[in-house]
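Based on the sequences and whatever the hints tell you, model everything.
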Amino acid sequence: MEGHRPVNCHAIGSPIIDTDPRILDCAGLRGYARVVSVPATPRRMTPHPAAHPPGRSPHTRRLPRRARPLGRRLLRWATTLGRRLLRWATTLGRRSHARRNPRRVKSLMALLLVVAVAGTAACTDLDQANAAGAADEGLISQTADRVAAADGLSWTATYRLAGGEAARVARAQKPSRIAYTFPSGLVIITPDTVTRCARATEKMDCTDGDRRDGEEGPPASTGLVAPAAILDMLESAAIDPDLAVTPRETTIAGRHASCLKLTGVDQSAASNFEVCVTVEGTVAAFAGMVAGSPVEMTLTDYRTGIDETDFTVPSKTAPDRGTTGPGTPDHGTPGPGTPGPSHTSPRSAGPTPSR
Numbered sequence: 001m002e003g004h005r006p007v008n009c010h011a012i013g014s015p016i017i018d019t020d021p022r023i024l025d026c027a028g029l030r031g032y033a034r035v036v037s038v039p040a041t042p043r044r045m046t047p048h049p050a051a052h053p054p055g056r057s058p059h060t061r062r063l064p065r066r067a068r069p070l071g072r073r074l075l076r077w078a079t080t081l082g083r084r085l086l087r088w089a090t091t092l093g094r095r096s097h098a099r100r101n102p103r104r105v106k107s108l109m110a111l112l113l114v115v116a117v118a119g120t121a122a123c124t125d126l127d128q129a130n131a132a133g134a135a136d137e138g139l140i141s142q143t144a145d146r147v148a149a150a151d152g153l154s155w156t157a158t159y160r161l162a163g164g165e166a167a168r169v170a171r172a173q174k175p176s177r178i179a180y181t182f183p184s185g186l187v188i189i190t191p192d193t194v195t196r197c198a199r200a201t202e203k204m205d206c207t208d209g210d211r212r213d214g215e216e217g218p219p220a221s222t223g224l225v226a227p228a229a230i231l232d233m234l235e236s237a238a239i240d241p242d243l244a245v246t247p248r249e250t251t252i253a254g255r256h257a258s259c260l261k262l263t264g265v266d267q268s269a270a271s272n273f274e275v276c277v278t279v280e281g282t283v284a285a286f287a288g289m290v291a292g293s294p295v296e297m298t299l300t301d302y303r304t305g306i307d308e309t310d311f312t313v314p315s316k317t318a319p320d321r322g323t324t325g326p327g328t329p330d331h332g333t334p335g336p337g338t339p340g341p342s343h344t345s346p347r348s349a350g351p352t353p354s355r
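UniProt numbering applies: residue 1 is where the sequence shown begins, and numbers increase by one.
There's no promise every hint is true.
[Claimed, not checked] Simulated restraints, written as ranges between beta carbons of each label pair:
1) Q142 to D307: 29 to 37 Å
2) R84 to A244: 34 to 42 Å
3) L153 to E202: 28 to 36 Å
If you are wondering where the hints come from, they were derived from the structure by calculation, not from laboratory data.
All C-beta atoms, glycine included, are put in the ideal place defined by N, C-alpha and C.
Next comes the structure, spelled out in structure tokens:
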């Protein structure tokens, strides 16, 4: 479902679930829920006062038993067991045969006390581990929210790829569209079509296709990874309980960026990767092995707004639309004429309608 992503309800906690307007449902699918970001706070239904006990807010929701922290449940279990064992030892000491052997009773009670203390310490460690896991998931969710928010803005970002070549990503609104320009070609995605162009000598061979499920960005073999693909990786990491997270802060292209280094991510196109995201939600850097292809991209320039030439399909007489150097885009000017013979659908070489 577009705009939805799975989030661990147990890690978020009940207070945040009740106050965060983006969380519409926390009904729990194996301990997780589907969360959607919306521009306005959803309207809440006011339940009947009799449906809630006095002293509790009608909007307060308790987590199901299986979603409560494991450490707390074990601590409660160990405390209850210790009390019962101590009660049993005290009862045993009152018996006549126990009075004849007080040393045995004292030894038994000391042993039970050691077991109770050890269980409490183990549960405390589990609580600390649960707290660390919740903090890591919070960082991943915040990063994913930033990347998703950038889809609603108009911007142009230029990247330096692993080989020193440059690539460009342009996002426009009204209508929503995105264009990827990289050394071996370009991809233009509109609400209805996906245009893919491959560089052949001094011209582009382009084909049009219907847009199906989601955005179909450039493959990782081009050296460029789409923001939608990075968002999918972050969503997979947000629900993985066994990954390792290393956060850091840095400055890239003059902009502050928050970075996460993730290791051991399951069900993701990249199991180990590092991603940096600016405050605006732009991907400032990415490094990792994606679908078997090494990717290393770093932001060199960012500006608001777009250039319509990035969304113009080149004609057979148009010059090679590339970049003049790492980080310096050369938009090129589409020439006159009709598209080349390999273009499967006729299309004007003129600029697309303005936003």
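Does the Cβ distance between Q142 and D307 fall inside 29 to 37 Å? holds, 31 Å
Tell me if the beta carbons of R84 and A244 are separated by a distance inside 34 to 42 Å. Distance hint for R84, A244 holds at roughly 39 Å.
Determine whether the Cβ-Cβ distance between L153 and E202 falls within the hinted range of 28 to 36 Å. holds, 34 Å
Checked against the numbered hints given earlier, the structure satisfies every one of them.
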